[in-house]
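J.: Protein chains in written order, with my numbering: chain A, 1 to 167; chain B, 1 to 109; chain C, 1 to 633.
Hints may contain errors.
Here are the in silico distance ranges between beta carbons for each label pair [what the hints assert, rightly or not]:
1) B:D64 x C:R604: 45 to 51 Å
2) C:M618 x B:D64: 48 to 54 Å
3) A:V125 x B:S97: 45 to 51 Å
4) C:V589 x A:L146: 51 to 57 Å
5) A:V89 x C:L605: 54 to 60 Å
6) C:V589 x A:L138: 57 to 63 Å
Listing some non-contacts, in silico: residues in chain B with all C-beta distances to chain A over 10 Å [as the list claims (entries may be wrong)]:
7) N105
8) R106
9) L107
10) K108
Honestly, the hints are just simulated from the structure, not real lab data.
Where is the CB? At the ideal position from N, CA and C, for every residue including glycine.
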Amino acid sequence: MSLFYLVAFLSILFSLLVIFTKNPVYSVLYLIATFFTFTIHYILLNAQFLAVVNFIVYMGAIMVLFLFVLMLMNLNKETEPVKSNLLKVIAIIAGGTLLVTLIASIHAVQTSAVSKLPNSDIGLVENLGKVLFSEFLLPFEISSILLLSAMVGAVLLAKKDKRTQNG
Amino acid sequence: MDNITSTIQIVPLNHYILLSAIIFTIGVIGVLIRRNAIIIFMSVELMLNAVNLLLAAFSAYSGDASGQVFVFFIMALAAAEVAVGLAIIVMVYRNTSSIDINVLNRLKW
Amino acid sequence: MIYLVWLIPVIPFIGFLICGLGRNFLPKMVIGSIASLAVLASFAISLGIFFEFNSVEPIIINLFDWIKVGGINIPFSFQIDQLSILMLLIITGIGSLIHIYSVGYMSHDAGFGKFFAYLNLFIFFMLLLVLGSNYVIMFIGWEGVGLCSYLLIGFWFTNAAYADAAKKAFIMNRIGDLGFLLGVFLIISTFGSVSFAEIFPKAQGMISGDATLTLITILLFIGATGKSAQLPLFTWLPDAMAGPTPVSALIHAATMVTAGIYMIARSNILFTLSPITMSIIAIVGLATAIIAAIIALTQTDIKKVLAYSTVSQLGYMFLGLGVGAYTGAFFHVLTHAFFKALLFLGAGSVIHAMSNEQDMRKMGALKKKLPITFLTMLMGTLAISGLPPFAGFFSKDEILAHVYEHNKLLWVIGVLGAMLTAFYMFRMMFLTFWGTFRGTDEQKHHLHESPLSMTIPLIVLAILSVVGGFIGVPEVLGGGHWLAHYLAPVFEGSTSRLGELALDHSTEYVLMAVSVGGVLIAIIYAYIKYIKNNHVPISDSESRSALAKLSYHKFYVDEIYDALIQKPLDHISGFFFKVIDKTGIDGVVNGLGKGSLEASKGLRLLQTGNVGFYIFAMVIGVIAVLIYSFFKF
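Construct the complete structure from the given sequences, taking the supplied hints into account.
T.: Now the structure itself:
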């Protein structure tokens, strides 16, 4: 139990560091750490498949992509634009309000503490795979099309435009 | 495995909700505070992840697998979105040599 | 012949259409003949009906069903009884004479065809007025003659003053018409019908002094005030002299102004049952008679003198109605039609001879040059002064006898008025026809007697003025008073309540002698002043005594109206224009437009183009939605 609270604390700490660090590369690294804590959370919930996928996709692919782009733009601490203090204060207040509202709304919904996990096997790869390929077959297939379109889009967008180069 | 699951049986669901809400809010603050487009993008990812966590928690506590399937799809979607979004940022950088969002205000009145 | 009564109004209407549509291409003789023949044809039919009619009850000819709504049934039908027959004869008879006269008088005018079209239209409406069997048809005619009066007074509309006079006449008529309409509405609500044949029997059963009847009759009298130029709505009639003289003769002497009296005579039972209204009518009539007579004493325009004389004589007629002398008042309508039309036509002849000069100070010694005009006008003046055996004597005397029976004081003032009438009429005659010529040489050269088309009507009317009174010779003088017997069925309800004249013969002789004596004194005084002493009225620039000024400036009534009514109306209108319309309504409408512009100016500042700001707005939105749903559930 104390493991949960420790990992939770770490998640919050790292995510705070993500947004308050000036150097963008450090932000990326802190984000990777945050994702790692999330992976541990998934394991604690016995969502093994999700934990592994989180690790591979998020931390391995997405963050690496972020890092690539950052390196491409050669950003560091000096070139980072800064917002005025007033705006920062306003933003934090807004965020705080959002938090309060969220908590309040959810408190209105009574969720009782569960004493025992009813079925702790659903997070296993085999079981999840069974559900995925039986009930959610169509979305699964369509998501492949989604990924295809994302690929095409990314390549098309990032291609150098030949006309602007010559003209 | 049983060890782990018996460990987490004691954590009430409300705590997961609280945790998720806090991280979501941190993501929102990050979007509002920073001016670097990439950092903002990363904060959006943070928000997505908070939601993922909450979904997984609900799924575990109610024994319904659809929560985890949903998380799976969100992750696939997030990957696609990051790819395209970063491509756009690269394009913007190429045109304006800056990723400060205050520079990108051509649609003003 | 009675069943041809519908032709009587229709023929002049057809004449109106022909003359009106063909006014530009039909030759003048054709237009004049068609118009005059149309009225003469109506006169012939009216004569036929007059000789044929011998029933006691009125005959109602139903033309078509007109308005049938709920419980109200207003058919379009004509009522033929003694009263309407006599009015028919006057209207068509004098109307045709005036048409013939106009052929000569208006022969040089460019709007010849238009004039005759309007005249025929007027005859049509006036005939509708007297033939109608219910108040609504009477009102159609009432309004129609007001319209034609406006058209004819402002006939030479290029002159702004004439057009204003026409508007004044129409507007003052309308004020009276409002009273008339309200009276008709009250009649509908009280009696449930507007037909004479249904109302008057019902009214017989009501008690005298009934409040609703009093209100109805007061409202109807207001209508009559406007149409027949009584106090306070009389100022339009002198200004109406802006129209051509035949118009003044027809409309403002013989027919339209008598519409009010006809209406009251027709509704006599209603008025007899309202003694309060009768007193009001008598006093208003007498006041009008005296005031108009005083004003006429100092007027210098020949037509204005005759106009005020008309107002004054109408006052006498209302005085007669007010004391219950219905026959006498109607008798005076008849005789007044004769001699006033004659006087106006004669004045027209004089004006024509004087090359359109109307100021009597420029006339004089015309009796040698215009013999026929002079003689006929002398007949008319003698008639209006009330000297026996001319027409005016019998009618005026009958009214005064009834007045004496009613109230001695009113009688004294009435006799005074008669003396004033004689004085100013003879003043007019002496200034115009006697003495020395005071006009320009140019005018002297053009002096000539009028053509036959103008003099023949004058002669006819002069004969009628002389012998017209013999239809109503009272018994005290040995006559049979044919008119009273003829009209008895119409006024039966009233005479049975008010009783016949109950003066003994000696009193009547004394009354007659007093009035004739007073008139002779007035004539002698006028003779002394204007012929012996050769007094000529002073020009406008010299100063007058206070009384003379009051009389010359018409008691400043027009100025009073201007200050009391016109100026406040102007102020109110100005207020409405500046404040309510410009600032208020325009302000609201323009303000809406401005408001939209300002709002959009403010709102467009939200589009900063700053993504951070947009996201911030989104977050605020989400918070708002959460709060709302939190409080909702």
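J.: Confirm or reject each hint.
T.: Hints, one by one, checked against the model:
A hinted range of 45 to 51 Å for the beta carbons of D64 of chain B and R604 of chain C is consistent with their spacing of about 48 Å. A hinted range of 48 to 54 Å is violated for the C-beta pair M618 of chain C and D64 of chain B, which are about 31 Å apart. For the pair V125 of chain A and S97 of chain B, the supplied restraint of 45 to 51 Å holds, since their beta-carbon distance comes to about 46 Å. Checked against the given bound of 51 to 57 Å, the beta carbons of V589 of chain C and L146 of chain A, roughly 55 Å apart, stay inside it.
Restraint check, V89 of chain A to L605 of chain C: a C-beta distance of roughly 22 Å breaks the suggested window 54 to 60 Å. Judged by the Cβ atoms, the range 57 to 63 Å given for V589 of chain C and L138 of chain A holds: they are separated by roughly 59 Å. Even its closest Cβ contact with chain A, about 13 Å, leaves N105 of chain B beyond 10 Å, as expected for a residue assigned away from the interface. With 10 Å as the threshold on Cβ separation, the claim that R106 of chain B sits away from chain A holds: the shortest Cβ distance comes to roughly 17 Å.
Distance check for L107 of chain B against chain A: the nearest CB is about 19 Å away, which clears 10 Å, and the non-interface claim stands. The beta carbon of K108 of chain B is kept farther than 10 Å from every beta carbon of chain A, the shortest such distance being approximately 17 Å.
The earlier numbered hints that this structure contradicts are 2 and 5.
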